[in-house]
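Engineer: Protein chains in written order, with this note's numbering: chain A, 959 to 1225; chain B, 3 to 325; chain C, -3 to 667; chain D, 2 to 195; chain E, 13 to 156.
To be clear, the hints were calculated from the coordinates, so they are not data collected in a lab.
Hints should not be assumed to be uniformly reliable.
[Claimed, not checked] In silico BS3-like pairs for lysine-lysine, Cα to Cα no more than 27 Å straight-line:
1) A:Lys1216 to E:Lys126
2) D:Lys145 to B:Lys14
3) C:Lys229 to A:Lys1027
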Amino acid sequence: METLRDKARELLAARTVQVIIGYGQGSGGGARAVFVREAAEADALIFNEACRQNLAVYLMKPEVRKLGKAALVATPSALRTILQLAAENQVGDHDLLALAVHAAGEVTLLATLQAIEAHVTELDADLSAAEKAELRKYEALSLEQRREYWQEQFSRCLKCYACRAACPLCYCSRCTVECNQPQWIPVPAHDLGNLEWNVMRAMHLAGRCVNCGDCSRACPVAIPLYLLNQKLISDVFANFNARSGMAAKTDNAMSIFKPDDSEDFIR
Amino acid sequence: MKTGFYPGCSMKGSAREYSESLLAVSQALGRELPEIPDWNCCGATAAHNLDRDLALALPARILAAAEKDGMYEVLVPCAACYSRLSVTRHELLGDEDLRRKISGLIEADYRGTARVLNIVEWLGGIPDLESKVRKPFAHKVACYYGCLLVRPAGIVNFDRPEEPRSMDLLMKKIGADPLDWAFKTECCGAGFSVSRTDLVARLSGLILDDAVQRGAEAVIVACPMCHLNLDMRRPNIEKLAGKKYNIPVIYITQALGLAMGIEPKKLGLQRHKVKVKFTQGLAKPPAASITPASAKPTAGAKSASGDSPAEAPFAGPSAKRGA
Amino acid sequence: MARIGVFICHCGENISATVDVKKVAAAASRIPGVAHSVEYKYMCSDPGQQMIKNAVREKNLTGVVVAACSPRMHEPTFRRACAEAGLNPFLCEMANIREHCSWVHEKSDATTNKAIDIVRTLVAKVKKNKALLPIKVPVTKTALVLGGGIAGIQASLDIANAGHKVILVEKQPSIGGHMSQLSETFPTLDCSQCILTPRMVEVAQHPNITLHSYSELESLDGFIGNFKARIRKKARSLDEKLCTGCGLCTQKCPTRKIASEFDAGLGLRPAIYVPFPQAVPNKPVIDREHCTYYLKGKCRLCEKICPTQAIRFDQEDEILEVEVGAVVLATGFDIKHGDFFPEYGYGKYKDVIDGLQFERLASASGPTLGEMRRPSDGRVPETVVFVACAGSRDPAKGIEYCSKICCMYTAKHAMLYKHKVHHGRPYVFYMDIRAGGKMYEEFVRRAQEVDGVQYIRGRVSRIYERGGKLVVKGADTLLGARPMEIEADLVVLATAGVANAGAEELAQKVHVSYDPYYFYSEAHPKLRPVETNTAGIFLAGACQAPKDIPESVAQASGAAAKVAGLFSQSELVREPLIAVVDRQAPPLYSTCVGCFLCQAACPYQAIEKEEIRGRDGRLIKTVAKVNPGLCQGCGTCVALCRSKSIDIQGFSHEQVYAEVLALLNRGESDV
Amino acid sequence: MRSDNHVQHASQALADRVLERTGVEADRCYQCGKCSAGCPLAAEMDFPPSQIMHLLQLREFPEFSEMALRSHTIWLCLTCEICYARCPMEIDIPRIMDALRHEALARNKVNPKAKDILAFHRAFLDSVRTTGRLFEMGQIIDYKLRSRHFLQDMLQAPWMFLVGKLHLLPERVRGRRLLGRIFARTLKAKEKRP
Amino acid sequence: MSDFNPKIVAFVCNWCTYAGADLTGTSRMKYSPQVSIIRFPCTGRIDFMLLLKAFANGADGIIVSGCHPNDCHYSSGNFHARRRWIVFRGLLDFLGIDVRRVRFSWVSAAEGAKWAQLVNDTAEHVRQLGPFSGYHRLRGLGVG
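Extracted from the complex, chain A is given alone in its bound form:
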């Protein structure tokens, strides 16, 4: 923790960055995002197992961007988010640097996207064995069972869009939900609209989601949205050999194609 604070102080003192986006003490032992702008305030920074939020979400907030160049206290997911945002032309080297934090407490300063790439290459970007097993569990259900399961899950959806707000990759200035000519997603929270919203949200993250899990954590009614994301991560990798958030300059899996992509379902 001290290493992190020292690094933060150093960066702020040298005016290398104008703000540190990091974790601070939240209520009830939790963690919350803090924005440290003075070296003297660096003691507000913490890092412990409660610090799970993908802070990269703040990189896309105009009010945070206004503060100037940021140093982001970054978990592996956040690092991949940064690369994905870079690949989508949303951030560049001049916007940020990353303080990669590790469970053991060390901190690595990654000053460029290239450095983040090098760092991320070393990480295991694959779904964990437990995640794969859980996916397989749902895939093994019958079609009807899956339908019932998801209908039950989506029936709780309030269309509060907390999932969207928590997602660092849902940064559109106008979400399709807000289109009314035509009205792609019905406004009221009924089963059909809930399904359409959730399918659309998942599809818009295909080839982009880095599996940080913040959408599920944000959901007030605990819909396991991560399952949908992981399903698409798994399918995109299996079919296109592509992983999101691994490179700062790369074409999105859904923007390109291979002539020999599978078409066993096309007759």
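Chain A is already provided as a structure; the job is to place chains B, C, D and E on it using the hints.
Structural biologist: Chains B, C, D and E alone, transformed into the frame defined by chain A:
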């Protein structure tokens, strides 16, 4: 981190001098070459001809024994054994199921950690070999690579499959004049030494003929089988060709040994069918001759490199045309 | 409020036989927004069209649906009729109740109901249609032709003869390309230079053609009709205006032993040289890599003797900027060089040569002045082996594809050899003889039957030298694959035709796609063989794939016709069915967030980055912009855009959404 | 023989079995003949390598597969690897030859002309099986017994002995019993001795 | 079940399948009238949301068809579409939505007979699956 030594069966018998010369040279170079403990035959051509699992299991047992003994690389001077060991390592490393299966057969876990080296590779890795030369081996030689030192390219990953040059470079280091000739990698008849002597005589004859035609004083080999076919089968070759070839066939280690000033006897030169006359101080070139023929090297025998534009043949008309 | 007119056609009885057209008209009239609904026997006839025109005017229609045949048949007809009546043509849609309904279903209520569904769907669509104006793109009527081989020459002449300006850029000091190196040409055996050089001279003298030889394209920006090209004119070390081409400098130059590129390395040239006597332009160039002055700082002999003081040692490359409306790529091909076939000794033995070298040996202007002599010792070769497919159809060491021209030129070579050395023995090792072409098969037969060329079906395993002869080890697969050896004096490898070394770099400069072998890709393999996927850039000759002369010339003329067509009007008018990126008032400017996922997906590189800046020049945001000159209207970007910030005119979100809803929801109009 | 062909046809084509065991596709061959042109023994073969490939390709004609299996070629192949090194389609022909030999052995379809070659291989492996290494003297005697070429090399052996190349007693490997088990599980388990 | 007439919407590209369906007509081949076509410039234009909208509005089955690979009028729109459908199908299936109700096909301008066959097969297939009431009910509609 030691380099193991796999002699293979012929080096204990018919190719005894290859082993003797190698050990004499390695000793002089101060390199220890411990034998792989309780090594067995690699199975040679016979095993892969008759059974794939057997052909993989025999070399795997050898390599597993080397690994167990802490060897990180294994020198396999016999090109045939080298091939079998290389193929086995390549296949088992590329197929985990197969590796497990063969490990089961040999009742040991073969991991594939030990690299397989051929003799040219091993000698090439010795720094400053030139400085060890006492008596430059100043002879025109035809380096004969045979088949298995360089092929299949994807498995042995050594030199290039056509027009290899590693052995020629080594020969240059010891003062020899390696010739450009056409049969560097043509087959001598290999494992048919006994069963189809007729074919061996024909194929080996072609090799000797080209070497002699180009004025070689010796054929340099790195394989007991090649040696057997080119040297011990000489009577058969000569009978078929209807002419005599006096050109000796020398193991690469023997040539090196001679250059390093090692006594010929220690190098086993006396064991050859075709006597090596350099050892008797008879340095009257050309040592090799053929009957009946003039062994004049042909003009085109040397590399016809076209690098230098000054050699362009039609300077006359071209220059005229420019005028 | 929409006022839609629905016009239902009987198409004689083609529609009315199975669809109750009266019922359809009645149902249509009940669709909200429909102000007029009639049926008529032949809607496409003059009276039918007149009905539409009258209704548009009289009923003040805001949209028209013609329920008749396929829009692929008569959409232009009815849109024109609407336009004549003063209605924007893009407010007219067709409901296909013939091909998709009356012709494919039996007479029944279901068929009539389907026709009503279709009409309702198109009415819903047309209500969301917007008046569109055709896109007009100005056209600069100058063509840029890259490459001065036969394809580039032909394209340039055709465009120039059509009355348009041409800028022809050639990398080498002279135009002429590979064709100028050839001896005779198949299947007629006429002399290559005799037919080529008049064309070269024509290029030089044509008032509409500006030739930049010894020049290369530096960059290309813009789009169809409006390209900006930068051309690097490499320093010739010569004032071209002063040089008279007298040739004194090339005769006196003391550095004379440089391998001649034109003679494929078989002849020599000086450091200041004209590649060949008929070169266009006939002005020398100093080869700075070999010139003594550039290497050692002294000599300058050419400068001293030049009667017009044209030599300029300090000349520098010059960059020209030109504006052009179309580009023709005619950069040609190369043959595979180097020692990629160690078993054949190519590069090792002087008497193992490639096809182009053989052309120079056979050419009357070649290093032997047309006498058949082999490179090593100048002897007349008594036995010559020609090896076809040397690198072609060879994934291991060469290329996978068939180089197409080798079968023919190998037959020609064998023939030319036999014509020059009557007692000579030509052998051809081949795998298949591919002689599809006018008089081609006959030509190959002639080589075998009349000239006695021995054809052996098999690939050569190895070539090595023995006693001054080249031993060729082959096999005849038609005779049980028996191995055979031929002692040859000369071996000619029909080495594969490959893309130029700089092909990829050029493709990236001009944004055209290329295949895995770096040949340029045509827009459609059958129907658009001279266009590239980038509008306004066309292909001619062997830069697209290996080609022989007639094919190259035909394609060049095709490309020229495309260019002339493009230049036939001062403005390019296109249907406005293209994608557009949303624009909004400040502070949003656009709902586009600039993720540019659409950019990689666009098959036409039509999506550009637009920087929106404030009055102070500060960058506010970077958003996507569709270049209307390049967009072809496929809509792939539209379906990809998450924020629905791109839409496509004519198939907009609103239109297709309305169609889906209308098709599936039968309202009051339901029967 | 006819019925046998039909059995083979009904099950799996030879080319497919070869593919399954070796991963090498004979179907890639387009009959350029470069392998046959470079094969040192093509002239002695009943079917030069390119023809063996074609025999395999025509899988609908089991009699052709049978010809490949019964060919002298597969036993003459020296595994010199020159065909593979030069094959434009990179077909590992020597591996196909290995697989065909194994198949011919297992199905008892060895070409009679190959008996000396086979006798030599068997003598060789017997020597390895019993001692762990090749005992050249023993092998030669064994080979002579099997091939009945008693007079061959009558002058060679004494010379070898004289120059110290021939040992009269075999070297024995300590792990002989393991080698015995390896042989029992591989060659012996599959081979039908004639 | 036998009197169930499914509603099927076909999303097709203008250049291949629309023209192929025209050819079915000019060849006077007959097929089931339960299918209606909506024309798009290219399969690349087809938004996955439109498929959901079709189901929501009462479709029992959907056909999506365009040019065969390498025949796309826009050279690669169909390849992009194919990639989109790979992912979309996987997701629908995961959510328990029966992807057998969406038939993807390549029908060229010359394949009039294939179009008729495709429509008939799909109609029969969807007829056997029955009304997509599970989905239609989501909107609170009793559409069958």
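Engineer: Now tell me, hint by hint, if it's right for this structure.
Structural biologist: Results for each hint:
1. A:Lys1216 to E:Lys126: Roughly 26 Å separates the two Cα atoms, so the pair holds.
2. D:Lys145 to B:Lys14: Status holds; Cα separation ~22 Å.
3. C:Lys229 to A:Lys1027: Not satisfied, since the Cα-Cα distance of roughly 45 Å exceeds 27 Å.
The structure fails to meet hint 3 from the earlier list, while all remaining hints are met.
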